[in-house]
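Please work from the sequences and hints to get the whole structure.
As they're listed, the protein sequences go chains A and B.
The letter at position 332 of the first sequence is residue 332 when you use our numbering, and the numbering goes up by one with no holes.
Throughout, our numbering is defined as the position within the second sequence, counted from one, plus 1000.
Worth flagging that the hints you see were computed from the coordinates, not collected in a lab.
Mixed in with the good hints, there may be bad ones.
Taking lysine to aspartate or glutamate pairs in the DMTMM-like style, the calculated list, with each CA pair at most 25 Å apart, reads [unchecked claim]: (1) A:K399 - A:D152; (2) A:K83 - A:E478; (3) A:K248 - B:E1179; (4) B:K1043 - A:D264; (5) A:K631 - A:D287; (6) B:K1182 - A:E244; (7) A:K144 - A:E478; (8) A:K405 - A:E478; (9) A:K611 - A:E305; (10) B:K1185 - A:D113; (11) B:K1185 - A:E265; (12) B:K1078 - B:E1131; (13) B:K1182 - A:D710; (14) B:K1078 - A:E53; (15) A:K116 - A:D659; (16) B:K1185 - A:D638; (17) B:K1185 - A:E632; (18) B:K1185 - A:E335; (19) A:K631 - A:D304; (20) A:K720 - A:E305; (21) B:K1091 - A:E53; (22) B:K1002 - B:D1082; (23) A:K639 - B:E1187; (24) B:K1182 - A:D706; (25) B:K1182 - A:E317; (26) B:K1185 - A:D706; (27) B:K1043 - A:E53; (28) B:K1182 - B:E1051; (29) A:K639 - A:D686; (30) A:K83 - B:E1179; (31) A:K611 - A:D625; (32) B:K1185 - A:E317; (33) B:K1182 - A:E478; (34) A:K248 - B:E1187.
These stretches of chain A come out as covered by chain B in the derived footprint (C-beta under 8 Å, 3 or more residues) [claimed, not checked]: (35) 52 to 65; (36) 134 to 140; (37) 264 to 273; (38) 370 to 379; (39) 473 to 479; (40) 726 to 735.
C-beta atoms are modelled at their ideal positions from N, C-alpha and C, and glycine is treated no differently.
Chain residues, written in single-letter form:
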Amino acid sequence: MSKITKQEIERILENPVSRRCFLGGLLATGALAVLPGCRLLRPGTADMGQVWEGGYQTFRNACSRNCYDTCSIVSYVKNGVLKFVEGAPESSFTAGGLCVKGNSYVRRVYSPDRIKYPMEQQGRGTGKWKRLSWDEAMDKIARKILEIKARDGSLLGLALSKYSGSFGITHYGVEGMMSSLGYTTRLVGTPCWPAGMDAQNFDMGNMLCNDPEDLPLARYVIVWGANPAWCSVHSMKFLYAAQEAGAKLVVVDPVFTQTAAKADEYVQVRTGEDGALALGMCRHILDRGLYDKEWVAAHSIGFDEFAAYLREHVTIEWAAQKSGVPALHIAAMAEEFAQARPATIWVGYGMQRHVNGGASVRILDALVAMTGNVGKPGGGARYAQMQTWGFTYHAKNQKQPGGSKGWIGASGPQGEFDFSGVKGDVKYADRSININKTAQEILDTKDPQVRMLWVACKNVLSQDFDRPKMLKAFNKLEMVVVADQFFNQTVEQADIVLPVTTFFEEWNVNVSYWHYWLSLNEQAVKPLHEAKSDIEIAAALSKHMNELAPGSCTFPTTVDTKDWMAQEFNQKELDMFGISSWEELRKGPVKAKLTSSAPWSDGVFATPSKKYEFHSDLCAKNGHDALVMYKEGRPAYDKLRLLTPHSKFAINSQFQNLDWMADFNSEPYVYIHPRTAALRGIGHGDAVRVFNKVGEVRLAARLTADVPPDTLLMYEGWFKGLAFNCQNLVDDAPSDMGSFKTGAPGVAIHDQFADVVRA
Amino acid sequence: MKKQLGFYVDAKRCIGCFACAMACKNQYHQASGVVWREVYPLKEEIYPHHERAFYSLSCNHCEHAACMEVCPASAYTKRERDGVVVHHQEKCIGCANCVRSCPYGAPRFNPVTERAEKCSLCWQRLDAGLEPACVKSCPTNALRLIDLATFNEPNALQFPPGYPRMPRLNPSTRFRQAELPKIIKPEDME
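Have a look at this one:
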């Protein structure tokens, strides 16, 4: 059935619904009224229509998506069928409500589009899929792994690409599965947040953030390069509470975001010049003597050097010229920020996806620190935290088979979720290659080359950078295995696909990198079709490996997801949350017992000096400036800047493919400033071609002054049946920082450039 | 005044996140393409930024409901106890008079059942002492359930700009309008 957009239906129905056109002004997305006589209807779906009827069995679930909010969910089940979901009322963060994505979960579980069985594609990209039994699939995979091992004498030809598709803790069993086979090649690092993560580690010795539930204590809040109204909807109530208690809410962003629309003040900054703006504020605060002299003297090192740098190299006029924000306003904002106690900055991940992103985060940290707001409830440079992630990582920490050969030499961190503690010189290690340059690394890696790729919790061809290059890299691979739930753009390029359970079909446990709640995830329904969890897949593979070559895989050949979830708990983690056993989580999520809502409240930092470091020798040792200072952005390589941030209807490539989501958002757009569009003869709704040195994307234009005139904006996402993919326009240029904590630098996702013409 | 339930749509707090609209699909599993609640962006003449202010709308549970008046099959009733306008799909003959007559686009035609359907204000949930699914899911408390008999918000509007003015129907939805932040822009980006 061909895809029919809402707009097409509206157009076709223009006459029948003409009496409703007075609503038209209001209805930019339009009322989709399908009237009798219209043949262009979508097919009906199974299990359609239900009402609340009571008598449900309820289960505890936890949203495992890569999202600030990591919601605690209650699922309502009847006769073994998931009927609907709600937010858990026990969590004061989730507070009973889910987002648009969370509310679509039932459709995700029962979608007719789910991958139902193991399948093999008769030629990548052909779409000719043949059903396999689990035994057949595992046999093919196991034989290939053994063949690689025989050919190369190691399993370094087997690579794993896995990231944030599911943060359920037992999903680290995928890494465990690789270890249980031997030493393999790992795509390490993170596209998400590593520049800011390193920056906070250099400044404070760790990445910790205030409890978001203490935002109402703030008297001045700057949301800087983050859009919680879309990406952390449950944080908005705390921002509103701060405003209602008299705080000023300021949003600094190149785009007039939904969060900006809710602020008291929106400051449009030139993309990538956040550091310049913050330095101008720092200089003004220094000049006016509004910094916290006592705190700086007692708890920091390098402030005098920073002050000298500000006096020598920074003026508010310079900051105004760089950032585009008028000097008078920089001064006013600086004074307001410095005089409000406490004042806080929400440091967004967007503002660090730049070649100077880490340097800019260090400047924002410095602004918060010099005003004495670090370590204060309601204050802080809020970026993220991982202190609640102290699980056992039992699923992850599997042993290599005896006699395994691997990479010789030192091994660094394998991503930010590597809690194994195995670092430094070991006889053999996994070979680490940069996840943010996956395509280039596959093309370049030799001795041995990457022959086989296992993809789990990841959509490489939707989310990784320089997609045209990725397609070339895939041509070099002898076998691609993807474990997923939908036939997405990576599955299109796979040889074998394995159906994976949703979290409603398995046991797990989840925490957030933003708030401090811990949620149990119970199995609410039996696995659909032939889906298996990632650790059950590992067990199935181990069974076949050991049948073909006894001792070739250490992973247990049977697993129970509940038992493996339970093994992720340890006494320290239980103590952090004040519970005696995981069973208590069946009564509802619990929050960590924090001595203060503010980290660093004792003024003792985890840096080498135990103080806040405006000057960090560790930072210098990692190849950056020791002192907090300005770093130039990436020179433009095309006429307009291109931003590809998150949509509110998706988290990366998940959710937008569901028909329920398409009911509200059916196609991608590129957003263009009316002036920029006029210069190119582009009108609202016109089909356009956006292109740059990487590739091109064809889609419809929407004209709006929400974006600056020098900027094109399109939201990332995977639409079912559409070729749209913004990674055809994003190259793999690295951000400045990230290697220290995650093993690879981040990506300058927002330092991209392109042009647009009518298609 | 008799009890009359309705929705309070606080556009100042609303972030247009569609949680309410999807919460409705989560509860009722409407056919693909059928929605009972929509989140409508305001025209830029009303709020000067594209898709940054919204009215979340479903059925307004009017005092004098157009759907009830035009239905030839008596498929609509208004509950005495709370004023909720209920569509009884088993009585519906699929003529779509209601779909054409409601100025707010609340009744929708279900192409699978070939009958109309619309927001029930979750009366089954209400009767069980629960909030409507959309209201429960709103993360900013921008969508609330109100009883007009006791609702006392002097600044609330019944017909804000962009919402069809139909005083004869007397819709039960009330609104607070969105506000604008102070905006600081680079001179060359005005």
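Hint by hint, which ones does this structure get wrong, listed from lowest number up? Numbers 2, 10, 20, 27, 30, 33, 36, 38, 39 and 40 - these are the hints that the structure violates, sorted from lowest upward.
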